[in-house]
Structure formats: structure tokens, C-alpha cells
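Following the hints, complete the assembly by docking chain P onto the known chain F.
Listed below are the residues making up each chain.
There are 2 protein chains.
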Amino acid sequence: MRNPSEENYIQQLSIDCVIFGYHDKQLKVLVPKLVFKGDFCALPGGFIYQEEDIDVAAHRILQQRTGIGEIYLEQFFIFGEASRNSLKFIEKLIELNSNELTGEWLQRKEYDWFTKRFVSIGYYALVDINKVVPQNTDLDESIEWYNIKDLPDMIIDHNAIVGKALETLRLNLDEKLIAFNLLPETFTMKDVQELYETIFDKPFARNNFQKKILDLNVLERLEKKFTGAANKAPYLYRFLNKTAG
Amino acid sequence: MRNPSEENYIQQLSIDCVIFGYHDKQLKVLVPKLVFKGDFCALPGGFIYQEEDIDVAAHRILQQRTGIGEIYLEQFFIFGEASRNSLKFIEKLIELNSNELTGEWLQRKEYDWFTKRFVSIGYYALVDINKVVPQNTDLDESIEWYNIKDLPDMIIDHNAIVGKALETLRLNLDEKLIAFNLLPETFTMKDVQELYETIFDKPFARNNFQKKILDLNVLERLEKKFTGAANKAPYLYRFLNKTAG
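The listed protein sequences derive, respectively, from chains F and P.
Going letter by letter, the first sequence gives residues 59 to 303 in the working numbering.
Going letter by letter, the second sequence gives residues 59 to 303 in the working numbering.
Any given hint could turn out to be false.
Identical chains blur together in the list; that is why a pair holds if it fits in one copy or across any two.
[To be verified] Listed below are the simulated DSSO-like cross-link pairs for lysine-lysine, each with C-alpha atoms no more than 27 Å apart in a straight line:
| id | residue 1 | residue 2 |
| --- | --- | --- |
| 1 | K146 | K222 |
| 2 | K207 | K91 |
| 3 | K290 | K83 |
| 4 | K83 | K234 |
| 5 | K248 | K270 |
Hint data in this document are derived by calculation from the structure and do not stem from the laboratory.
In isolation and in its complexed conformation, chain F is listed as follows (with noise of 0.2 Å):
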């Protein structure tokens, strides 16, 4: 592994990807493992080089740590207090991997660029489960889908971060329900309130429900074939053609 201090980054500057996965009524969120010894969980994050801007750079962390690429990845949050930095994990890092480090990394010049406080970008997504396929890095023993309540303790302040993510989604849904691309190309609102009640976490009244996401104006109704049957089936839906966003 390359010492990050060798690249060309911005000092200080780091991004952190909240991918959350949705799929059959449960919320997930995607977490890799790191190669070493002590189990330790991360969010898939970064650095920003000198000439990227830093939604390509973003981008380019997703699909190099995740194999993830194509999806629309928005920024939420920065996460900026003075205390926060990586000297308890790579220290902790360091104490059980003693065997296996070279003496490059046992030698604390070594990862002082990667100790000092950093500022970071929180970027967020929203995906189906289904038609991504994580791919582990040489950095991650693994990646897996973790069911929201059921994370695993992540390092630094990630677990937080995962929450203020959550926050946020929830908090924006209305507007990013087309962005995320979650739905398929035609659904019911039965869908839709499913969608709202796994972010959520709570149900929602059908009818109450019903005229909130009619009145986002962002949905177009298709009329029903006839069937010749009783006309039970559903209303299906789908999206306006409107901009994302």
C-alpha cells in the first residue's frame, strides 16, 4: 500500500460514502472490513487530489473501494470538529498488526500525514440492493450489506456519520425520490409507502400517505387496462419526466 503522503492530496481533506441499499423492505448500508488484523469496519472513504473536484473524487473512491460506479452520489454533510482524527485506530491498527507492518509503517513519520486532523466530506447514496455488485479492494478483506440496526462498530466517528445520513435522507426523500432511482419504471403507492415506511422506520396512515406523495406532483397515474376481470388491481404509477434533484 502506498503512503498516502506521497500522492498529491489535499492535506487534511478526506471524504467519507454512506451507501445505503434498499431492498424487499429492509435498509442496509454498505460497509467494508479492512485487510488487517482486529475486525476493523470502515466506511469506504478517501482523499482528494490537487486537480479533482470533489465529486469526481467521490466517484472515483465509491468505485475503487466498492466497484460501484454510475450512481448518483450527493454530498450531505461536512464533519469538522478539531478532535477528530485516525490516532486511536491506527494506532490500535498498528499495536496487532506489529508482525505483519513493515518497519515504514512502525515508524511514526510514517502515517503522521494520515494522524493529523482531517475535515471530511460526507457523500451519500441510495441504491437497490439488487443491481449493485460490491467487489472487495486489496484494502477490505470483505464488504457486506449491514441492516441499519445492526451495524457493526466502525472506526472513528463513522457510525456516526451513518446516522447523520440517515437524518438527512430521511429529511430530503421527498425531493431525491427520483434522483435515487429506486423504484422500477412503473410501481404502486403501495411500493412508494414501503419505500417511505422501511426509511423511516414507522408506518404510515394509506390515506394520509396516498395525497402527501400525490400532492410532490411528481408522480403520473396510468390508466388501468381493462381486464375483463373485477377491477381490483392497483393503480400503477410512474415519473414524471422531470429533472433529477
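For chain P alone, kept in the frame of chain F given last:
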């Protein structure tokens, strides 16, 4: 003026503050003009000390550059394009002020720190113009409230930063209504509607607007006092005692 490279700041990371002012159906933005020749207008901005939380830095910068303390300030976006830097602005400033500037400034190395690419964290606030008294600092020739429809040309991307702040304000106004503390202790529905119409720069239909606002469940309607006269006075409201944010 002390050269920023001598301070213990985080490199390549800055803060810019968009202070919206509301009063009498007008939305304004607080813009200082720098002391240098050339009419350089710029949002109140600055840098982050190594030992300082970014939220603390934002408040310190705002206090130092405008005299305004104790307001509810919130991060809204991070501006991180690779091409984002002050080089053009600084070169123009030096060209127009070459007679006044000391030799230190005229040598490229003295402003090299400042002309690198900067990632900037945008903070915004919305205040009642009557409740704050902005002040000039040594760095500024003047500081003024400009109507948002009539902003001066500002340096770098500061006009675009205001645009993004306004977009965020509109998106989050329902949730931030209490936190921004813009309305008097008791107010009429018309007061709220005027605030929204000013910020969105469009009229709202009265009945729909009232229903939307009441559905937020943040207002308490006060009992009318019996006056003996025809009861035509509008209802007064106040915010329910909820946590801001």
C-alpha cells in the same frame, strides 16, 4: 494585515458566510466591500485554525468580519471544484493597488498560500435586519445589506454561493422556521405568508398556504381576547416550544 500563511490554519480550506436579512417584505444579503482599490465585494469569509471546530470558526469569522455574534448559523454546502481559486482576484487586486501595497505583497511567494485551490464550506443564516448591527472591520471599507435581486458582482464564485444558499433556504424553510428566529413572539398567518412570499419571490394562495403551515405542527393558535368590537382581528400564533433545528 498579517499574511495568512503565518497562521496555524488548515491549508486549502476556507469558510464563506451568506447572511440573509429579512425585513419589511425584503430579502437582503450582507456584503462587505474590501478596503483595497477596485471595489472588491466579497462574502464574509476566512480560515480554520488547526485546533478549532469548523462551526466555531464560522462564528468567529462572522463576528470578526461583521460584528455579528450569537446567531443561528448552519453549514449548507461545500464548494470543491478543482478550478476554484483566488488567483485572478488577487492578481487584479495587486495590479490596482501596486502603489499602496508593500513589497512583501508584490512578491508572488507572499500570496502563494492564498492563491492555491481552496475548498470552501458555505454557512448561512437568516436574521431580522433590525436585530443585528453590522460593523466595518480593518479589512473592509464598508458593509451593506443588498437586495438579493440587486447584488454587486463579488469575487471568485461568491455570487454562485449566494444562489446555492438561497436554493437551500427555500428547500429547508419549513424545518428552519423556528431556528432562524425571524418572527416576533406572536404573529399572524399573514406575517408568515409574507415571509415565505419574500423568500420564494412568488405569491402563495392564502387557504392552501395556511393549511400547509398548520400541517407543519409547529404553531399554536392563541385565543382571541373578547374586545366587544366586531371580531375581525386576525388570529395570533406563536411557535410551540420545540427544539430548534
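Task: Alpha-carbon proximity context of K146 and K222, limit 27 Å - done: within (22 Å within a copy, 37 Å between copies)
Open item on the list: Regarding K83 and K234, is the shortest C-alpha distance of 27 Å or less found within a copy, between copies, in both, or in neither?
Closed with: Classified as within: same-chain Cα gap 18 Å, cross-chain 31 Å, threshold 27 Å.
Task: Intra- versus inter-subunit Cα pairing at 27 Å for K290 with K83 - done: Within. Shortest intra-copy distance 24 Å satisfies the 27 Å Cα cut-off; inter-copy 51 Å does not.
Open item on the list: My question is about K207 and K91: at a cut-off of 27 Å on alpha-carbon distance, are they close within one copy, between copies, both, or neither?
Closed with: Answer is within: at 18 Å inside a copy they meet the 27 Å cutoff, but 51 Å across does not.
TODO: Using 27 Å as the alpha carbon limit, work out where K248 and K270 are close: within a copy, between copies, both or neither.
DONE: Classified as both; 13 Å inside a copy, 24 Å across copies.
Checked against the numbered hints listed earlier, the structure breaks none of them; every hint is satisfied.
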